[in-house]
Structures are given as structure tokens and as C-alpha cells.
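Number of protein chains: 2
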Amino acid sequence: MGISYSSPLSPSLSTTTLNITHSSLFPCTSKANPGTISDSTFSHTNNISLNNLQKPTKKFGSFYYCSHNTTCLGSKIVPLKCFDKVREMETQEGIAQKPTIDIHGIDEELVQKMVDDALVWSSLHGLVVGDRSVQRSGKVPGVGMVHAPFSLLPVTFPESYWKLACEVAPIFNELIDRVSLDGKFLQDALSRTKKVDAFTSRLIDIHSKMLEINKSEDIRLGLHRSDYMLDEQTKLLLQIELNTISSSFPGLSCLVSDLHRSLLKYYGEHIGLDSSRIPGNTSVDKFAEALAKAWTEYNNPRALVLVVVQPEEHNMYDQHWLCAALKERHNVRTIRKTLAEIDKDGEILPDGTLLLGGKEISVVYFRAGYAPTDYPSEAEWRARVLMEQSSAVKCPSISYHLAGTKKIQQELAKPNMLERFLENKEDIAKLRKCFAGLWSLDDSDIIKKAIERPDLFVMKPQREGGGNNIYGDDVRTNLIRLQKEGSEEDAAYILMQRIFPMVSPTFLVREGICHKDHAISELGVYGAYLRNKEKVIINEQCGYLMRTKVSSSNEGGVAAGFAVLDSIYLN
Amino acid sequence: MGISYSSPLSPSLSTTTLNITHSSLFPCTSKANPGTISDSTFSHTNNISLNNLQKPTKKFGSFYYCSHNTTCLGSKIVPLKCFDKVREMETQEGIAQKPTIDIHGIDEELVQKMVDDALVWSSLHGLVVGDRSVQRSGKVPGVGMVHAPFSLLPVTFPESYWKLACEVAPIFNELIDRVSLDGKFLQDALSRTKKVDAFTSRLIDIHSKMLEINKSEDIRLGLHRSDYMLDEQTKLLLQIELNTISSSFPGLSCLVSDLHRSLLKYYGEHIGLDSSRIPGNTSVDKFAEALAKAWTEYNNPRALVLVVVQPEEHNMYDQHWLCAALKERHNVRTIRKTLAEIDKDGEILPDGTLLLGGKEISVVYFRAGYAPTDYPSEAEWRARVLMEQSSAVKCPSISYHLAGTKKIQQELAKPNMLERFLENKEDIAKLRKCFAGLWSLDDSDIIKKAIERPDLFVMKPQREGGGNNIYGDDVRTNLIRLQKEGSEEDAAYILMQRIFPMVSPTFLVREGICHKDHAISELGVYGAYLRNKEKVIINEQCGYLMRTKVSSSNEGGVAAGFAVLDSIYLN
Chain A
1 MGISYSSPLS
11 PSLSTTTLNI
21 THSSLFPCTS
31 KANPGTISDS
41 TFSHTNNISL
51 NNLQKPTKKF
61 GSFYYCSHNT
71 TCLGSKIVPL
81 KCFDKVREME
91 TQEGIAQKPT
101 IDIHGIDEEL
111 VQKMVDDALV
121 WSSLHGLVVG
131 DRSVQRSGKV
141 PGVGMVHAPF
151 SLLPVTFPES
161 YWKLACEVAP
171 IFNELIDRVS
181 LDGKFLQDAL
191 SRTKKVDAFT
201 SRLIDIHSKM
211 LEINKSEDIR
221 LGLHRSDYML
231 DEQTKLLLQI
241 ELNTISSSFP
251 GLSCLVSDLH
261 RSLLKYYGEH
271 IGLDSSRIPG
281 NTSVDKFAEA
291 LAKAWTEYNN
301 PRALVLVVVQ
311 PEEHNMYDQH
321 WLCAALKERH
331 NVRTIRKTLA
341 EIDKDGEILP
351 DGTLLLGGKE
361 ISVVYFRAGY
371 APTDYPSEAE
381 WRARVLMEQS
391 SAVKCPSISY
401 HLAGTKKIQQ
411 ELAKPNMLER
421 FLENKEDIAK
431 LRKCFAGLWS
441 LDDSDIIKKA
451 IERPDLFVMK
461 PQREGGGNNI
471 YGDDVRTNLI
481 RLQKEGSEED
491 AAYILMQRIF
501 PMVSPTFLVR
511 EGICHKDHAI
521 SELGVYGAYL
531 RNKEKVIINE
541 QCGYLMRTKV
551 SSSNEGGVAA
561 GFAVLDSIYL
571 N
Chain B
1 MGISYSSPLS
11 PSLSTTTLNI
21 THSSLFPCTS
31 KANPGTISDS
41 TFSHTNNISL
51 NNLQKPTKKF
61 GSFYYCSHNT
71 TCLGSKIVPL
81 KCFDKVREME
91 TQEGIAQKPT
101 IDIHGIDEEL
111 VQKMVDDALV
121 WSSLHGLVVG
131 DRSVQRSGKV
141 PGVGMVHAPF
151 SLLPVTFPES
161 YWKLACEVAP
171 IFNELIDRVS
181 LDGKFLQDAL
191 SRTKKVDAFT
201 SRLIDIHSKM
211 LEINKSEDIR
221 LGLHRSDYML
231 DEQTKLLLQI
241 ELNTISSSFP
251 GLSCLVSDLH
261 RSLLKYYGEH
271 IGLDSSRIPG
281 NTSVDKFAEA
291 LAKAWTEYNN
301 PRALVLVVVQ
311 PEEHNMYDQH
321 WLCAALKERH
331 NVRTIRKTLA
341 EIDKDGEILP
351 DGTLLLGGKE
361 ISVVYFRAGY
371 APTDYPSEAE
381 WRARVLMEQS
391 SAVKCPSISY
401 HLAGTKKIQQ
411 ELAKPNMLER
421 FLENKEDIAK
431 LRKCFAGLWS
441 LDDSDIIKKA
451 IERPDLFVMK
461 PQREGGGNNI
471 YGDDVRTNLI
481 RLQKEGSEED
491 AAYILMQRIF
501 PMVSPTFLVR
511 EGICHKDHAI
521 SELGVYGAYL
531 RNKEKVIINE
541 QCGYLMRTKV
551 SSSNEGGVAA
561 GFAVLDSIYL
571 N
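Chains as they are written, first to last, in UniProt numbering: chain A, 1 to 571; chain B, 1 to 571.
Accuracy of the hints is not assured; some may be wrong.
Which copy is meant is left open, so a pair is good if it fits within one copy or across any two.
[To be verified] The calculated lysine-lysine pairs, modelled on BS3-like cross-linking and capped at a C-alpha distance of 27 Å, are:
#1 Lys113 <-> Lys359
#2 Lys139 <-> Lys265
#3 Lys184 <-> Lys448
#4 Lys139 <-> Lys293
#5 Lys194 <-> Lys535
#6 Lys215 <-> Lys113
#7 Lys327 <-> Lys235
#8 Lys414 <-> Lys327
#9 Lys344 <-> Lys433
#10 Lys293 <-> Lys184
#11 Lys425 <-> Lys194
#12 Lys293 <-> Lys113
#13 Lys195 <-> Lys265
#14 Lys484 <-> Lys209
#15 Lys430 <-> Lys448
#16 Lys209 <-> Lys113
#17 Lys414 <-> Lys293
#18 Lys533 <-> Lys235
#19 Lys195 <-> Lys484
#20 Lys359 <-> Lys414
#21 Lys433 <-> Lys215
#22 Lys293 <-> Lys327
#23 Lys139 <-> Lys113
None of these hints come from the bench; they were simulated from the model.
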């Protein structure tokens, strides 16, 4: 740390030429509206809970649909009470770039028609989630369904950034694979984290055990999602995080793109939008294809794909879409089991074959196991170890899982670190361009700066869940406390440049009700990677997820408002 | 009345050669199991409520999803407690024809897998209804959805009967059109009913008014559904009723056929069933096409199709599927309004043009207006009259509506009556073959017989709703009472031969739970008819609806158990 980045465009922090202004910390390529900083409650969140986020948030795979504060009266309504606030915010905080989609120009009757059509479309086309207010909705399919929350219109997104995000996906895939093979790097980088984070510590233990027994994974499957925000200040597309386990919404994200295309087909003319500018979204097909090819590489037609699930999963339909594609397009069967069930019914044969209830498992696809709450007892850890030891293809393996941790993200952002894993200089430059400023807390200079300007930083605990991020004055308070205590607790956090995305007025639809509010968006780009020994079988970008969230509360990360599924409109 | 039918195969009742045995009343063509009478709680129901039918039932277009008596615990289960009862019933009552699908042979684990798959399939493919236990589920799309109740497997149905039901559909279409043009016949036939049935009386008043003003309908659109049961005793496919208004389930019925085909594609081999034996079901496409062609005949590209709906509609997705097909395949827009809203916002221009909120309506498609409860005030009646007076195409017109009443069904079953409307003798013979015994209560011979053997008859009030039918000893009690009173109340009823359909063990899935029980089924065949003056544009059979219902209660019509959507498996 402490070495300045070479590129003036990179979100680096020079330790020698520091003066505490936002522009020097994160130099802008464009200064159309210098000094205007959009408030963000959304940046630096690991996961956007698609709901009332006052509940504890989980990573990627699940989200909350508990009752929102809105009182739900008889029918859906479009409360436009936020309208004045929107104007006010525009004046107070400024919007660096006028959105292409001017929702103020759309009349209320048309909005209501579109909302009705969108709700019907969602219901008929399986854009649904389990409704937390209905018993059994997280356990039994077909019971207690509600449309997934969605944005009525796609969010404008510059085509150049979209292309960049697509281009880097295969490079990130490759990077993760290379990093996963460097056991010593993973162990060393995570050694301090291990001491203060019990959950990561258990994962590292599994990793150590695999190193000890010299476990190799010939067939390696990665289904990743790299999340970005477009920073208004630096005009850079900055990576929030790279998910290597349980990347959620490959199923529903495609449907939202279809929904928006369908709406624009009928209403596009009225609002001046062209459905062809919503990029095609093939995440569910591509993920299914990757799982199917991994299954093919394993080479036992009778073997099953095991989907590791949480005991209660309100986002099950997203998962079911993927399994349906696997079944219908590739004739590959899946079986859904919790970690506890796997502990109970799983076994390994002497040759490494994983059996579950006597049936051979070729591929283990994790949609659980990423959070401490997924391991309430030793049974779940036993199941994880059992699968890791087996010869089944793990998506992800423990190495892939660790390679996606925040600490590793921060380590990879260090100067010259990418060069350790990648050869192609252009590739390296592209990745680096996407890196936000990332620092460990053993860097005293950056601590000093963060205490002076806490509004420009986010403290992110290694522990998953955007709700745990620390913003604003709390950054200062916590940093001072950690300095005083002098404990190792600082290793549990990284510091990240705070990103200030564009705020746009948006129609957000949830529980049949449309709300107009200011919102910010986060782009996730899916990547699939499959190799068997030296043969790379798949390495591609495969679709995207846009999530949009009300940006009405100033602090507290994702603690206020709710996020909805969205798509992008290229401009 | 009182004249015996010519064909020995017809379900006639000879007044001269009467002896009170079932076989003589309704002669069998086959006597494989003479003397075995399957109990039926299903026959003679106007509508099969897909739910707990202790609630008041409505006709065709809606059904109840209120809480079933089953206690819903954590997860879906397959209670096989009925198994012993099933065996017992086989012994007590006999089953005339062994079903092709032997569900006893399917192991429990396989059933659970199929149930899971079916629930997921339903959720992803829009085979859903509003869940009555969730607020707003009947008003706002996308909120409070639950899978539509379905039978896990299709019901075996002899191909010859299926073909007959398809063949007669266009003949019934033609018949209804002819009858609708004979205003005097309708008025005369319904004159006694008018005196005792307030609802039918209001419909007849509208009809009279249209006759007075010499209102003619050049473009006539019928979207009918003729419902049948296969009588085990006579081996005849007997018509229960012909729905000319608000024929429900054109949307969901197609999906159930798809669901069953999908299940058989994956599990068919294990249970010895071939998915290709489920006939294609195109009801939603054909109905949409008929509506679109009527819209085309009306010839105003800017005009809308008005869907008349109930204020609360838990079967809205069935309707939305039809409207989606109209929009996506034919680019025809629909607008949904209640009768009260139409009264408020509707008007007729001097040239007869129907406007709703200033927008021209080309076709009025009724999914409400068939039951007295649809007209809680004069406003609704005003709306009905307004639409009838307009030049919009009505589906159905008041004449089509009346032509589908039970009284007219009974009148048409009288000897030589079909000859009044149709010329082709073969066509007439085919229709007559499907007529169950139907009598008015002014026939003293049949009253005598029904008092002696009430188990062989059903008393059906003109009033809609299967829950109002009278069975068993109640037939005797009511007939004796009516005889004593000597009032005109007898005109409110018709008597119908009781049909005894085959009872088969069936898996019924509702609210995520699979129940095994004995069930009976009713086949509905959709027909579409469109003409413009002398030009017949459409006259065809277009898909089917199978409904299956537990047959566990001996009496009380549809008062016990619940019905589910089903499809047919030809053998």
C-alpha cells in the first residue's frame, strides 16, 4: 500500500501528493457538474435487498419481502407525493447527467396502464417471488406468490460503460481461476482476517484442509456476478464487488428485461423509447448451459446437479428458472437440498464420488452457504467439507469462494498485484480501470484521510451483507475507536472509496403499488467460466442484472428504502 | 312431453313402458358391470367451484379459493389416508371401467417429485389464481397469487367420446345462433320461468326491449363451452349444460394440458403414459382469434375490446391470458370494467356507437353479468341495457345469453324441437345423442317417477350455481311440496336425469398439497362462432376444459370437496 497508481484515471490515492478534496482523491475524467455530489444509500452494498431492508440482509441469493411501511389499500395506486421532494433534491444535490428517460413527462393515466400491464405480465410469466407475509411461501412452490418488485422502466446506461462491463467479465473469470490456484496467496492474504472473522476462518480452515490433502479440482466451474456502480464524480464504472458464490437473479433478471421490452413495444412510442435499446439478457440460458457442460464433463449421464439451498427461500423462483432451463434445454436433473439434509443423506465413496440418498452428484451448485447464518450447527459445516472433499464439480469450490471475498478484492487492487495472475497488459488495464479505491486498515495515511473526510469512504466488514457497511460520521467514530483499542479488529474491515452514482426519478413497483421516487442503480454482469484441466470450455459474459433503489435516506447504507429489479436502456 | 324418444340409445323416458329401474330409464349400451352405480356429487352441477364449495357458488367465470379444511403445515404433503377408503369404495360401488392410469402403482417418492415439479411449473408459467386469503388478490394483479388447483395427472377419456364432443361443438354453435334469432321461441319458452325467477325475468325484459326496437345484431360472436359427463350406466356422453356467457378457463385450461404434457415428458415412462395422448388445447388462442376477428369485422382500428368483469375476480389470470393473446398476437387492446363503471362512464352516440370514457368499444366480452349477484343495483342493469342497445358486438348478446339457459336447454331436448332450428339430420342425431333426459315440472308422469326414484333425478333451478341443485331425498320432498302448494314455483325448476360418471382414484393438488382421493370429471368443450350477416367467419371447436372433483359426499351436489383443473388422456 501507499504506492500511487500509475494511471491518472485510476481511482488511486497517492500517499505523497495528498490533499483532501474529492477531486484529488478520485480524479474526474469529466467535470460537467463539479462539486455536485449525489447522495447515495446504495453504493458499497454487497447485496441489494429487494425489500424493507431494516431486516437483516443476506447476500446474493435471498432477499426480504416482508411488509413495507406503505399501507396497502384496496387497489394499486401511484402516489406521486414524492414529486416535490424530487424537484427539491435536484436543486439541493444536483444531477450530473440528465437521464434520457424523463418520467415527469409521462401522464398519470399512462403510468397506471403500464403498471397494470406490467403486473399482469409478471404474473403470467413467472416474474415472481415468495411473499413473506404468507406462510409456507419460502418452502412450498406455488404458494404465496407475489410479483417480484420491479422498476417500471429501464434505467438509462451509457453504452460504452456497458461494453466495458461486458468486456471485463471474461477477464475477471480468468482472474478468479488463477487466484483460486494460488493457495498460498489466498492463505497469506486472509491470515489477518482469519483471526477476527469466525466465518471466514472456517472457510479458510476448509481451504487449508484441501491444501493439506493436495485436493485438486480438474473441472472448475464459476458462475460469477461482478457488481458495478457508475460514479458521477469520476465518470468511472467502479466495481462494488465480485460474487463468486450464489450469484442471484440469473433467472428473474432476464424476465425483467423481457418485461421492459414488452412494455416499450406497446408504450415506447408514447414515451419516446425504443425497445431495441434494451440489451438482450441471456443469463439464465448461459448459466444453465455452463452447468450442463460441467455435468457433461463429469461424464455420468445418471448423475444429478445438486442445488444447495436455504431451508426457507423466498427467491426460489429465480432458482427454479435456472433448473427449468437445465431440465428443458439440456435434460439435466437437479435436486434441491439444504446443508443439513446433505449432512444427513450425503456420503463419499472411496473414489471420491459424492452420493446423496444413494444418487450420484456430478455438480454442486451453491445457492446457500455464503453467510454465517447458513451454518447454524456443525452439521452444515460437515456437509460443506463433505462436498468439498468429493470429486463433484463445486460451483464454487472453496478456493473460488475465498477468491471472491472483500479482502481478496482489496488485495488484488494493490499495485502490481494483477500482474501476478494475468499476463495481458490490456486486460490488466481494463480491470484496473474498474477498481474503486480499496485499502486495508493497516494503512495509517488512509486512516487519517478517512477520519478527516469520512463522507468519501465506506468501511466494509468482511462479513457479508450490505447492512453491515459503515458510512459517514460512523466511519470516523469507528476508525478512532479502532486506533485507540489497537486490537486486531481492524483486520475485519476494508476501506473503500465511496461511490456517488447518478440519482434519477424512477417508478418503483412493489406489492402491486407504484411509487415515484429518486433512485440509484447498480449493474451486475454475469460471467460463466468452465475448464477441465488445461481446456477452457466456457469463458464468457452472460447477461446482466440491474437493481434500482430509492436514495432517500442519507446514511445507513441499505437501511432505508427498497430495491427493485431493473434493466438497462443504452444511450 | 310424454312422448318417448325414437332411439333406444337416447336417454329418454317412455311414458308408456315405464318401470322404475335405472336401466330402463336410461338404457345402457354396454352392461359390463350392470347394477353398479358410482356415486356422484358432481353431475348436474352448473359450475364446478374449484374450491370449498360450501360457499355460494357462481357460474362459469369465478370460483372460490377460500381456506380449505385441510390444515396446512410447513410443507406440501401427500396424505394417503384416503387409500383405504378408495379400496372400500371400489368394493361398495364398483367401477364400471378400469382407469388406464393406475395411480396405485406410482410410488410415493415419485408422486412427491411430480407434485414439486408441477407446482414449480405452474408458478413459472402463470397457471395461477388469486388467493382469497390474501387481501387485494382479487383486485390487483401480481398480488396474492397461488397456483391454480390441478389434478396431477390427466384423466383417461375414451377417444370416441372426445371426438363426438368436438364434432358437436360447431353444431351447438349453429344451434345457439339459430335459436337466438327466434325471439318468439325464447319469449314463449321462458314465459313461465319469467314469473318465478326475478333474474331471468330482467334478462327477458331486456330481450323484449330489443325486440320492440327491432334491434338486429349483424356481427354475432359466441364463445361457448358445452359441458359433459360420461355416464357409466348408459355409456353416453351427456350434456350437463351449454354456457353461452362467460365461459371460463379458456386460458388456464390450455396451461393444464401443457403442465400434464410436461410431466409426462419426464415421468411418462415411469408410469407408462405417453404425453402425445393428451390432445392439443388451443382454447385461449382460438378465443383470442375470434375476438380479434369480431374486432376486425367491426372495423375501427382504434376501438377497444371491453372485458366486463366483476369488482373482485380471483380468476383474473385466466382472463388476462386471453387478453394477453389478443394483444400479443392480434395487437388488439382490451379494457377491463365492472358493470357499475360502465354505467358511470359509458354512453351511446346517436349512431349506436358505444363509448367508454370517450373511447370507442367494438366488442363487449362478458366475464360478469351472468348471476343475480352481478347486479346489486339498477346501475348494473342500466349498463347491461346500454351495451345491448349499442352497435358494439356483444359476446354474448341478450339472445345468446337466454339461449343458454337451462329452460331453453330443456325445451330443445323436447322431441322434434331441434328440427325447428337445424336441417341436417345427422347433425340433429349427434346433438340428440348428447342430450340427457330433461323435463319441465308440468309433466305429471315424470314427477311421479321422480318421487318414486329421486336418486335417478336432479332438480335444477333456473338460477345459476351448482350449489342450488337438489339431489336424492330432497328431490322427493320438494316435488311433493310443490305438488301440494300448486304454485307456479315449479316453473323455476327443471328435472334432469342424474348422471353417474366413472369414479377414479386421483391426485388432486391444491394450495401446494397433494390429496389422493376418488374423483369424478366433467369435460367442457369450447366453441367459437362468428358471423357477419350471412357470412359465417368462424364456426369451430377450440379446445377443452377438464375439471375433476372429489366424489366423497353422497348427496348435496357440489357441497363437499373441491374441483381442480385437469386435462384428458385419450384411450
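**Request:** May I ask which of the numbered hints given earlier this structure violates, with the numbers listed in increasing order?
**Result:** 3, 4, 5, 6, 7, 8, 9, 10, 11, 13, 14, 15, 16, 17, 18, 20, 21
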